[in-house]
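Visitor: Once you've looked at the hints, dock chains B, F and Y against the given chain G.
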Amino acid sequence: MSDIVVIGGGIVGVSIAHELAKRGENVTLFEKRYIGSGSTFRCATGIRQQFGDEANIQVMKRSVELWKKYSEEYEFPFDQTGYLFLLYSEEEVEDFKKNIALQNKFGVPTRLITPEEAKEIAPLINIDEVIAASWNPTDGKADPFFAVTAFARKAKEYGAKIYEYTEVKDILVEKGEIKGVKTNRGFFKADIVVNAANAWAPLINIMAGIPIDIPIRPYKHQSIITQPIERGSIKPMVISFRHHDAYITQTHHGGVIGGIGLEYGPTYDLTPTYEYLKEVTKTLPQIVPALKNLRILRMWAGYYAKTPDSNPAIGRIEEIDQLYIAAGFSGHGFMMSPAVGEMIAELIIKGRTHLPIWWYDPYRFERGELREKAIQMG
Amino acid sequence: MRLTEHPILNFQEKRGRKVTIYFEGQPIEAYEGETIVMALHAAGIRVLAYTPNKHRPRGLFCAIGKCASCLMTVNGIPNVRTCITLVEDGMDIRMQRDKPKLPKDAKPSKWKDAKKVFGDIVIIGGGPAGLMAAINAADAGAKVILLDENPMLGGQLVKQTHKFFGKREQFAGVRGVKIAEILEDEVRKRENIEIFLETSAIMLLQDGDEKLVVGVRKNKELIEFRGKAVIVATGAMEKMIPFEGNDLPGVYGAGAIQTLMNTYGVKPGERVLIVGAGNVGLILAYQLIQAGVEVKAIVEAMPKIGGYFVHAAKVRRLGVPILTRHTILKAEGEEKVEKAVVAQIDERWRPIPGTEKVFDVDVIALAVGLRPSIELLHQVGCQIKYVPELGGHVVIRDSRMETTIKGIFVAGDSAGIEEATTAMLEGKIAGIAAALEIGIASPEWLKEIQKAQKELDEFRAGPFGRKVLEGIKKVVVE
Amino acid sequence: MSEIPHYLREGFITVEELKQVIELPSEERLRKRPVAIPECPQEIPCTPCKEICPTNAVLMENPNAIPIVDYEKCIGCSLCVQICPGLAFFMVHYVGDKARVTMPHELLPVPKIGEEVILLNRIGEEVGRGKVITVVPREKSKGDTPIITVEMPIELAWDVRAVKVVRK
Amino acid sequence: MSDKKNIIICRCNEVTQEEIEALIDQGVTDIEMIKRLLRIGMGPCQGRTCLPMVISILARKTGKKPDEIKLPATRIPVRPVPAGVLVGEMESDGNEE
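Protein chains in written order, with UniProt numbering: chain G, 1 to 378; chain B, 1 to 478; chain F, 1 to 168; chain Y, 1 to 97.
Same shape as in the complex, but just chain G (with noise of 0.2 angstroms):
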């Protein structure tokens, strides 16, 4: 049986591992730091199927069916609250109407609500100016640390290897094929590497010596977490591209968190910027005015590993024997990630996969085949 690599144990190299572990296959899953600690831990715990173009829609839809089936065996908390894009000019509302049919022809429910049915849904938001929302109830959020541990430990139940605190440092390629990966713990020999490092993935690229470009680049996003509130205060997940691309919604241990889209980068510095905070704090309020009396406990950064389309890059390169890559999710790594882990599990085992991978196609950038940009949003 072929060995099999994972790098990154991400909440989608974990999944990865997970499906291929479960499928009986013999995997190894790398991780620097500690599973989770990527961008996994820093994500908003989104999970949406209001996408814009088949693929996406497709492949949430069956990552929802997924998050479901997985949380209730698993026992971790996802909850099927929605997602509420609040939507304020006709513009906006008709390019949702597209997107509503397009969702609603793949069996997604969403549907265009008026802005007091928003108001009734989501009893703390501000609809004065509000024209209307698209909302879809079987959207949802899970949590990233109750998730990631769950299927990094069923991984580990099916048989992988999940080894933390251990950095790929080299992968070794003879001939076209791989033979094994460096790390600062040894050599461990590989006949199947999957790059699923996301941020860092260019840099497992390199390592491997891809012939292509997949121009995957880090930008800084950050997030902030308010005092824990009362429990079902902000159910859904609440959007507005009104207000800087913001998005709000509570966390399942009660605190709120929310974000803007200011974005900084290329780069990979984390630092926390106080013109974010000023920023965020100004904003979010205005779509739920009550968060100005709550006090923001923490605030951090993560990476959004962004493709010049916002779309991941999911297949295998084919010129070396077998190197897979899932990464570049920009921002939707979390959401994607048990769709992504059939996905990759079906393709290394099979060969093909029933979820429409095409559309991630890693070698699109190269021919110059930008996708549509998926709204990059929560």
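Please note: incorrect hints may appear among the correct ones.
Selected chain Y positions facing chain G (Cβ under 7 angstroms, derived; list incomplete) [what the hints assert, rightly or not]:
1) Arg-36
2) Leu-37
3) Ile-76
4) Pro-80
5) Pro-82
6) Ala-83
7) Gly-84
Distance ranges between label pairs, derived from CB positions [unchecked claim]:
8) Met-1/B x Glu-275/G: 47 to 53 angstroms
9) Lys-64/Y x Leu-370/G: 44 to 50 angstroms
10) Gln-20/F x Arg-350/B: 31 to 37 angstroms
Keep in mind the hints are simulated off the structure, nothing from the lab.
Quick reminder that beta carbons are idealized off the backbone N, C-alpha and C, glycines included.
Guide: This is chains B, F and Y only, laid out in the frame that chain G set:
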């Protein structure tokens, strides 16, 4: 519950105008100039909140704004640190039992930009280190901004009724409270020192060549302080230890008890057990007796008294037993401390069955050590290291108190737990060094640094300084 | 464990232990005039006693050294008792079959001259009664600490280090 | 023996010694994971009171030295601040219920 007479302190003169505050709707008498929690304690209110999940009662613990055990809803605003928020007439104070609910009809906020204050050196913390840093930096020619989150300057000096050790030029033989007054007078005399009280520093950032300290005054006002150098003199916070019932109201940090009785003239309770026979525990015992409170015993896990012998002798001759090789097992009580159970421990620190003793006390004072408050330094990215001799995590620094980030200095307990005397000397060094670094002080000031360094060496030369010197060796780099 | 001196295990010093740290004054000297006795057996960085002494009777090699009193130079002025931050200086004076012990008293109430007080030994046990013969109130003390001189039976001179004031 | 359910390590989020030790016994020995799974140090005191105790429990149970356990990051703001203050508006407007 309020002290009317005291052998050292005079509260009658100090108390401000009488005002009325409302606790859960009930009127309570308070005095202007005291913090909310002090007024509540004086009225016999020990339980300030119940935790949202396990419904455990919460009382104060640190009383200096650090532990978040005193959070209450004040005038509708949740999670106010009532230990450093002053009373105002008519204030509505509510216990928090659950996570707060937010209103559905709030209006979006309008915003205005933060107030901006510019100086050469921003000093965070107005205790002995910060005050000395301010005085010396100002004398060396710098425009100084001094912030402290407490309502008064002096840091922990304001509650030290005992006389200080050291040399007379270092204020030996003078009571801490008096030293605080002297230093405050000196600071206020200098026109190039601007003081901001009740102002918390919430972040420290590099902004180009400048340092930016973002502050919040009185829970309300955002202020941006900019300077070319920053001195962090944020002191320390009390350590907590694990034992059953350790979160029961009435289990207080030693410093909190000193704040109650020595700063605000509020009797902390009637009968006290002290955990820890270091200087803090011993001094606290003596101060409690001075305030007319009975000290049942001092327990100490080590086989010997850790503080100065003379402090121990003072309380022994007033009848307080010191039980070395003993530890606290349990705080008992329904809503607040009613009993403390202690036991002897063996060489491996295990309680010896059958040696339990029960004390009827309403206060358990924890004097089990302090740890440096390094949050701002850690947050801004100064290199830190765990050095048990200095109380825990401390920052790497040079002999002039500059951290691994140029222009950011540290002094006093936040540089490593020691004495107020050494804090003052370190403050002096940091103040001058910062003024030198930004090119304001003339080179003659170097002599003053050397003088202070020599005094520090002298002070640390004895057996008590040895441990500190071990620690300092680990953090000082040139 | 045996290296830990008794006084650090217990928090008080016995006369026997004190004698190992400092020589005590002769009876002759004790009868001549009051003499300062430091009960400060531990090296701590503290020098006010030395600095305040008008006759340089307090000897201290360095700021951490233990104070040693040159009993011949000591004039019994009590300034060291007033200033000592550790409240560790006392004066003893033998007068006939009585001893007069001078000690700090930072508690309320401060006794009055002529008042009878309960005598406490180094562990707070009541060992007898004595009479207050002088009081230096806080305002007049050079060290902000009231000091009192109490007359007591001579055999208690080396035991009594505090008093309790009992008023109805 | 002592009742570790009644020993509170994190006062803000009510985490007991028993819960921490149970997690360590399950093999979670990384302070970063313990912090996130139990939410220790993530309350309003921001870890000031509890983290030293967590480090000492972890050191005792795993045999690590305390200096081998890295202190979790200190995040901005180092004091919890109402959002309204950061935008310069914090006149109490009676909006709270």
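Visitor: For every hint, state whether the structure bears it out.
Guide: Consistency of the hints with the structure:
no. : hint                                     : result
1   : Arg-36                                   : holds (4 angstroms)
2   : Leu-37                                   : holds (6 angstroms)
3   : Ile-76                                   : holds (5 angstroms)
4   : Pro-80                                   : holds (4 angstroms)
5   : Pro-82                                   : holds (5 angstroms)
6   : Ala-83                                   : holds (4 angstroms)
7   : Gly-84                                   : holds (3 angstroms)
8   : Met-1/B x Glu-275/G: 47 to 53 angstroms  : holds (49 angstroms)
9   : Lys-64/Y x Leu-370/G: 44 to 50 angstroms : holds (49 angstroms)
10  : Gln-20/F x Arg-350/B: 31 to 37 angstroms : holds (34 angstroms)
Every hint from the earlier list agrees with this structure, and none is contradicted.
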